[in-house]
Amino acid sequence: MSKRNNISEQIRKYLNGELDAYAMHQLEKEAQNDPFLMEALEGYEKTGTGQQNNIEDIHTRLKSRVNKKEARVIPWRIISIAASIFIALTIGGLWLKYRQPAPESKIVAKMVLPPAKKVPADTAHLKQTLVATLRPKERPKTIVPRGAGKPRAKAENLTNTYTNAEINTSAPVGNADTKVAEYTPASSLKKDSTSLASRDVAANTYKSLMGKAAGVAILPQAAFGIKRKAITGIVKDNTAPLPGVSVKIKGTNIAAVTDANGKFTLPSVPDKAVLDLAFVGYEKKEINANNRDSLVIAMQPNNNSLNEVVIVGYGTRKEQEYQPAQPAAGWDGYKKYLKDNAISPDGKTGTVKLSFMVNTDNSLSGFKIINSISAKTDSAAINLVTNGPDWQKSNTGKPEKVKLRIKFTAKQ
Amino acid sequence: MNFFNRTIKPDEADDEALLNSYRQSGELAVLGRLYEKYVSLIYGVCLKYLKDDEHAKDAVMGIFEELITKARQHDIKQFRAWIYVLARNYCLMQLRSGKKMMVVDYDDIVENDLILHHDNKYSEEYLKIMERCMEKLPAKQKESVNLFYLQEKCYKEIADATGYTLNDVKSYIQNGKRNLKICIEKHSE
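Heads up: the protein sequence lines correspond to chains R and A, in order.
Take 69 as the starting number for the first sequence in the numbering used here and just add one per residue.
Take 162 as the starting number for the second sequence in the numbering used here and just add one per residue.
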């Protein structure tokens with residue numbers, strides 16, 4: 069330990085000029101061999117003297133740091149507290165979430181009205197019965213919904229009219245005019261759905277849906293006095309079913325989309341409605357829905373659309389790859405040809421280097437000797453090329469210069 | 162002329178004892194004692210890189226924090242050299258947020274064990290080679306090395322005598338040493 073303090077002392081003195089020349093030298097020499105000391109000295113020299121206070125400060129800090137207990141101990145306490153709070157919040161949150169009565173908006177806004185889902189009645193039956201034919205403001209022989217029966221404030225204006233209307237169904241069940249059983253408030257729908265006559269449920273949900281479910285369009289005007297029915301259909305492309313076709317009731321936002329088999333269902337289509345069918349690549353089609361509940365529709369392809377989409381994958385790139393001019397039968401054969409035939413006519417051996425153009429009609433021209441061996445050998449080289457295997461032009465569409473080396477050997 | 166020899170400090174054994182003691186006991190006080198020995202040097206180095214008193218002080222403490230974890234993880238052979246590297250890297254990392262700086266590798270700076278091929282360093286042949294190499298040095302380097310090592314002058318004296326600046330003197334000495342080393346190694350093969 070003393071040596072360390074000595075060093076600090078020495079450094080201090082050195083910096084303060086308290087050392088004699090030789091002592092300074094000693095320290096400097098030591099620094100030469102010791103990068104640590106060297107850099108420390110540099111640091112001090114650059115920032116001036118008076119560092120003693122700072123060093124003392126550091127020592128103090130170090131002492132207090134060392135004496136701190138449980139410095140690195142993981143704060144179990146804190147973690148456990150945090151964890152309990154977190155769990156409590158989670159439980160509270162979940163509890164709140166599941167406690168609320170399911171709001172009406174839970175009734176899914178689908179094209180097909182939910183009663184099909186909620187009521188375990190026969191779906192097919194429902195489709196037909198769903199449409200409660202509502203007569204506008206007739207004198208009631210009917211039941212007024214009991215007090216709490218009003219579903220929601222929003223639909224109030226509508227329910228008023230409804231209450232006065234006779235809920236009539238086209239159900240096979242007779243007694244269309246008979247009093248319908250007790251209305252139940254929409255909110256109790258969920259609980260008592262099984263006990264209700266399907267009609268009621270349907271009617272009520274339909275009612276309560278009015279003004280509530282987003283996807284269901286309210287047709288206040290059009291609703292009255294117009295027969296509505298569900299329409300199913302299949303859309304084809306002359307032969308094959310077309311999925312994904314949009315089928316819309318003209319003048320409204322009610323639409324359906326054909327499924328994988330090309331089939332669609334529109335739940336509540338007013339009589340005399342017109343259906344718009346649209347699909348990319350096909351001519352738009354309009355169909356009268358009169359008195360029909362099942363349709364087969366054919367759509368004609370649209371000539372304006374892209375009939376052919378060419379997908380260029382990387383695989384096709386090859387054709388565009390640059391291909392230089394080369395022997396038509398390939399280099400291997402050509403090289404062999406040269407090797408077999410490059411016999412020097414005048415005994416002078418060596419490599420003749422020449423260049424020539426391969427034109428767009430695959431002909432050769434413009435022979436130039438770059439590296440000559442002898443006149444005879446040179447012309448022999450040119451002849452070899454001219455009379456040799458055919459060349460193929462490059463695929464750039466322009467004449468290309470080719471350089472060739474032909475090694476001539478002496479006659480065997 | 163112990164250019165290339167590192168003086169072995171008796172404290173090394175002490176360092177190792179303290180380090181082992183810490184490793185076994187986990188007592189911060191022990192580590193603190195070890196660290197204290199080098200605080201001045203570490204602080205100096207931090208000053209060099211960070212240039213600011215307060216930052217340097219914080220850095221010294223920060224390095225200590227790192228030491229606390231690393232002392233147990235790493236197998237430290239020579240504490241002094243190791244803490245030097247740690248300090249330097251820490252400072253460089255601090256600077257990194259401002260500028261881009263390379264982190265120094267441990268191996269780069271362990272110049273201490275310079276290898277000399279000769280076992281008997283001071284044989285006549287060696288001295289001859291040394292002399293010849295000295296002659297080959299550029300004038301200023303030769304002069305500075307001579308004054309520093311052979312005549313044992315301090316930088317200030319050399320600067321006064323030659324008229325070179327302090328920094329230049331240091332620079333000549335460094336480069337002279339390096340050239341000598343290269344030259345000697347070349348001739349020693």
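Since the hints were made in silico from the structure, they are not lab data.
Every residue, glycine too, gets a C-beta built ideally from N, C-alpha and C.
A hint or two may mislead.
As the list claims (entries may be wrong) - Chain A residues, not near chain R, derived (Cβ > 12 Å throughout):
# : residue
1 : 185
2 : 257
3 : 289
4 : 294
5 : 312
6 : 334
7 : 344
Stated by the list, open to error - Below 27 Å or equal to it, Euclidean Cα-Cα: the simulated DSSO-like pairs (lysine-lysine) are:
#  : chain 1 : residue 1 : chain 2 : residue 2
8  : R       : 136       : A       : 218
9  : A       : 301       : R       : 114
10 : A       : 231       : R       : 131
11 : R       : 81        : A       : 212
12 : R       : 114       : A       : 347
13 : R       : 97        : A       : 338
14 : R       : 353       : R       : 340
15 : R       : 97        : A       : 301
16 : R       : 97        : A       : 231
Unchecked claim - If you want the footprint, here are the derived chain R segments under chain A, 3+ residues with CB under 8 Å:
#  : segment
17 : 354 to 366
18 : 461 to 469
Tell me, in ascending order, the numbers of any earlier hints that this structure violates. 5, 6, 12, 16, 17 and 18
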